[in-house]
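So the sequences go chain by chain: A and B.
Sequential numbering from 1 applies to the first sequence in our numbering.
Sequential numbering from 1 applies to the second sequence in our numbering.
List of simulated lysine-lysine pairs, BS3-like, C-alpha gap at most 27 Å:
#: 1; chain 1: B; residue 1: K41; chain 2: A; residue 2: K98
#: 2; chain 1: B; residue 1: K40; chain 2: A; residue 2: K42
#: 3; chain 1: A; residue 1: K71; chain 2: B; residue 2: K40
#: 4; chain 1: A; residue 1: K42; chain 2: A; residue 2: K57
Not everything, but these chain B residues come out facing chain A in the computed CB check (under 7 Å):
#: 5; residue: P42
#: 6; residue: L43
#: 7; residue: R97
#: 8; residue: V98
#: 9; residue: N99
#: 10; residue: F104
#: 11; residue: Q106
Non-contacting residues of chain A with respect to chain B, defined by C-beta distances greater than 12 Å in every case (computed):
#: 12; residue: E15
#: 13; residue: S28
#: 14; residue: N67
#: 15; residue: E79
#: 16; residue: V109
#: 17; residue: T110
Derived from the structure by calculation, the hints contain no laboratory data.
C-beta: ideal position from N, C-alpha, C; glycine also.
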Amino acid sequence: GENVEQHPSTLSVQEGDSAVIKCTYSDSASNYFPWYKQELGKRPQLIIDIRSNVGEKKDQRIAVTLNKTAKHFSLHITETQPEDSAVYFCAATDSWGKLQFGAGTQVVVTP
Amino acid sequence: ETGVTQTPRHLVMGMTNKKSLKCEQHLGHNAMYWYKQSAKKPLELMFVYNFKEQTENNSVPSRFSPECPNSSHLFLHLHTLQPEDSALYLCASSQDRVNTEAFFGQGTRLTVV
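Construct the complete structure from the given sequences, taking the supplied hints into account.
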């Protein structure tokens, strides 16, 4: 089955700087890669996703890149703000279409 | 409000108790899921239902018993749990089982004493 690894587990950035979270996956058949944000005490919510026929996708300050050959994908947050502080989860679908999640990255944006 | 509602939000139960978690979605989705979220661990998929039929059981102990009476409702029946079962239990739904966005409920924080 699919195995998703996520790094780093914690990330502290200064407000205004960029944050990058990286994930690797094992199933070469995976073709859908969403990113979820979970604020303290709240539900995970989708912030951006990418499919395997695309190498990069951007939505305002958030971008995701996908390298299918290397089987890794990354989340980039630019001009970070305090409200970006949360746990971010990457995920990848396995051959059956099931979402497998990474362990999460705790992002702390300090003023 | 994302349209996925879970009750109760918090639950404390003894190891000999029987309780049920409830999930309801108003999004017209066909697939529903139970996930377990423990501290510092990935979200663990427990069960998947597609069109009311269970399609996945991720080696979950029998003390967890799911029920899906229709496409809008999902239950997780609990009995004789262990303290290590304490976690946040998240319900989610998606339009289809494959490669579509999952919408999560706010979860039930379960504590087994």
